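Chemist: If you want the building blocks of each chain, they are given just below.
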Amino acid sequence: MDIPRYWRLRNQRYRLEGSRCKECGSICFPPRFLCPHCKSAEMEPYELKGRGKIYSYTIIHQAPDIFDKNVPYTVALIDLEEGARITAQLTDIDPDDVSIGMPVEMVIRKIYEDGENGPIQYGYKFRPILFTDAGS
Amino acid sequence: MNRIMKPLKPVGIIGYGAYVPAYRLSAKEISRVWRNGQDRNYLPIKQKSVPGPDEDTITMSIEASKNALLRAEIDADRIRAVWVGSESHPYTVKPSGTVLAQVLGIYPDTVAGDLEFACKAGTEAMQAAIGFVGSGMAEYALALGTDTAQGRPGDALEYTAAAGGAAFILGPAEQAAAVLEGSYSFVTDTPDFFRRAYQHYPEHGNRFTGDLAYFLHIRSAVNTLMEELNLQPNDFDAVVFHQPNVKFPRKKAEDLGFTTDQLKDGLLVDYVGNTYAGSSVLGFTAVLDKARPGDRILLASFGSGAGSDAFSFVIHDKITEIQSKAPQTMQYVRREKQIDYASYARWRKKIRMQ
Ligand SMILES: [Zn+2]
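Quick mapping for you: the protein sequence lines, in order, are chains A and B. Its first residue numbered 1, the first sequence is counted upward by one per residue in the numbering used here. Its first residue numbered 1, the second sequence is counted upward by one per residue in the numbering used here.
So that you can see chain A by itself, here it is in the shape it has in the complex (with noise of 0.2 Å):
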């Protein structure tokens, strides 16, 4: 990604910034415009609280070059709480261990770094739900 589109999007990739339908209460990630339900335009910033559970998931084994040192890893889509579906990288957790169903939540990790000299991304991943029994 190039340095504007990060700059751009930073809202997003940090803190799950999307958008809420103020006619039919549907959330969206990323946000939109028009609601996909009722196309209604009125539409406001909703941050996404970042947990859900693995609606299903591919393992990476050939990756696009910025990724080639991570393989094998992971991607998920996610059902999230609020309802909108995302599609993220999962972290901390072998790919043998993955499963569907499996609840996730949001933590914010390096996507990648642009060399040794470019800049360094950092956004959205899952992991597997660390500690049920306390936080929010």
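Just so you know, these hints were derived from the structure itself, not from any lab. Errors might be hidden in some of the hints.
A few chain A residues that don't get close to chain B, going by computed Cβ distances all over 10 Å [what the hints assert, rightly or not]:
| no. | residue |
| --- | --- |
| 1 | ASN11 |
| 2 | LYS22 |
| 3 | GLY25 |
| 4 | PRO36 |
| 5 | PRO95 |
| 6 | VAL98 |
| 7 | PRO103 |
Each computed DSBU-like pair below joins lysine-lysine, with the alpha-carbon atoms no more than 35 Å apart [as the list claims (entries may be wrong)]:
| no. | chain 1 | residue 1 | chain 2 | residue 2 |
| --- | --- | --- | --- | --- |
| 8 | B | LYS28 | B | LYS290 |
| 9 | A | LYS69 | B | LYS350 |
| 10 | A | LYS49 | B | LYS337 |
Keep in mind the model is a prediction, meaning the values are calculated, not measured. Virtual Cβ for every residue (Gly too), placed ideally from N, Cα, C.
Position chain B with the ligand against the provided structure of chain A, taking the given hints into account.
Modeler: For chain B with the ligand alone, coordinates are given in the frame of chain A:
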């Protein structure tokens, strides 16, 4: 001269949070690779924490800060300062604090800066935050000590150089779980440990590391603090020192008249290693997790170069409400995935190809 430092308005900790990565590398495994196991009876600790390949000082600081915010229960945009103490900031030029401010929703009405003072950068950040809140410039300030420390492969420091950190939200004493009684900082120019620009690994001046560095500076800071506050070792329920290995903080406690019982809750180095700027402050969070109202806690860091910051905190009733609002430090300490030296070398970029 008044040697003790006290803010104009009383200040305390209203939220705290810890982070330790999941991965552990045992000292035996390092010994197997570099010493053929010959030094296995003299290892400084059992194991150290290792950051995952997608973790650094910024990502670890984010999680520790989120835990602190869960406990503080304030809107993040009321925080007016973000100070990150570390010797492993991902960028040499570009503050870690700006990423944190954006991620946590503290931006844009804030100051943000990175502090560096070897292993005491975290308590240095706390001193700055105390001053900011205590002078009335800010209602709340966020201070962190976090590191992903690196030791040269095969060097004695490789056994202990680890990753982790802690975050503190300082605010008005009347909202605090731990109220500051006073602090004292002691600094001299000492060449015990340093890393020049563009170097990957630090150097240590061997003859300076013990008596003239760690022991002298912590002793001076703690004795002055206790003298000025008119306190004795047995007035404290718990004490936390910087912990580069198991031996140093134990010896320090004994020299100053503290018991192993006062030291034990905050002594984490055997399980997670020396987390540098995170070391004493991470131990302090483990003590706060167990503290009861009325307890008095002594925190004393050490940073090479060299200096020590010593603090006395008194625990208030609010502690029991906030302890379970975020993951406890020992939960992070106990989640451990052992890795071998090969994974460690790959993740930590120990093999340089150009
Ligand atoms: Zn709608």
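Chemist: Could you run down the list of hints and mark each one as holding or not?
Modeler: Hint by hint, here is what the structure shows:
1. With a least CB separation of 8 Å from chain B, A/ASN11 falls inside the 10 Å interface cut-off, contrary to its annotation.
2. With a least CB separation of 22 Å from chain B, A/LYS22 remains clear of the 10 Å interface cut-off, as annotated.
3. Chain B leaves A/GLY25 outside its interface by the beta-carbon criterion, the shortest separation being 23 Å against a cut-off of 10 Å.
4. With a least CB separation of 27 Å from chain B, A/PRO36 remains clear of the 10 Å interface cut-off, as annotated.
5. Chain B leaves A/PRO95 outside its interface by the beta-carbon criterion, the shortest separation being 14 Å against a cut-off of 10 Å.
6. Chain B leaves A/VAL98 outside its interface by the beta-carbon criterion, the shortest separation being 15 Å against a cut-off of 10 Å.
7. Every C-beta of chain B lies more than 10 Å from that of A/PRO103, the closest at about 15 Å, which supports listing it as non-interface.
8. Of the supplied pair hints, the one linking B/LYS28 and B/LYS290 holds, its CA atoms being roughly 31 Å apart against a limit of 35 Å.
9. In summary, the hint linking A/LYS69 to B/LYS350 is supported, as the alpha carbons are separated by about 14 Å, within the 35 Å threshold.
10. Simply put, A/LYS49 and B/LYS337 have alpha-carbon atoms about 27 Å apart, close enough for the 35 Å limit, and the pair holds.
The earlier numbered hint that this structure contradicts is number 1, and it is the only one.
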